[in-house]
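Sequences and hints are given; from them, build the entire structure.
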Amino acid sequence: MTKTQLIAHLADKLGVSKRLAGDFINEFVATVIAGVKKEGEVRIQGFGTFKKSHRKARTGVNPRNPSEKIKIPAMDVPTFKAGTDFKKTLRK
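Position 68, counted from 1, in the sequence shown is what our numbering calls 71; the numbers after and before it change by one each time, with no gaps.
Please keep in mind that the hints were generated in silico from the structure rather than gathered at the bench.
The calculated lysine-lysine pairs, modelled on BS3-like cross-linking and capped at a C-alpha distance of 25 Å, are:
1) Lys-40 - Lys-55
2) Lys-16 - Lys-90
3) Lys-6 - Lys-90
4) Lys-74 - Lys-59
5) Lys-72 - Lys-59
6) Lys-40 - Lys-59
7) Lys-55 - Lys-41
8) Lys-84 - Lys-55
9) Lys-21 - Lys-6
10) Lys-91 - Lys-16
11) Lys-6 - Lys-40
12) Lys-90 - Lys-54
13) Lys-6 - Lys-16
14) Lys-16 - Lys-95
15) Lys-59 - Lys-84
16) Lys-91 - Lys-54
17) Lys-59 - Lys-41
18) Lys-55 - Lys-6
19) Lys-55 - Lys-90
20) Lys-40 - Lys-84
21) Lys-54 - Lys-84
22) Lys-41 - Lys-84
23) Lys-6 - Lys-54
24) Lys-95 - Lys-84
25) Lys-54 - Lys-41
26) Lys-55 - Lys-74
Pair by pair, the computed Cβ-Cβ distance ranges are:
27) Lys-40 - Pro-69: 31 to 39 Å
28) Glu-71 - Lys-95: 46 to 54 Å
29) Gly-86 - Glu-30: 18 to 26 Å
30) Gly-38 - Lys-91: 21 to 29 Å
31) Ile-28 - Lys-59: 30 to 38 Å
32) Val-19 - Asn-65: 43 to 51 Å
33) Lys-59 - Thr-7: 32 to 40 Å
Ideal Cβ placement from N, Cα and C applies to all residues, glycine included.
Next up, the structure:
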């Protein structure tokens with residue numbers, strides 16, 4: 004499902020305009036991103052946890068030239084862990 008399809012489905016389900024549904028989705032995404040950036044994680048009961056994880060610096064291989072080694076810097080990356088209700092729904 005694409006973002007456009009999600010907005011259309013949400014608008015239809017709630018009986019609101021696509022513009023309002025789009026604004027809701029955009030605000031939800033922005034709030035989750037800001038929450039992860041500031042607090043380190045956002046938990047939505049039954050759905051899952053968006054979290055900030057730290058990756059250590061490491062040495063990698065240049066895919067264009069496999070004999071060349073490159074340094075990959077340390078960085079924070081987003082992760083998502085599905086909640087138990089979400090997992091149970093998919094297993095059925």
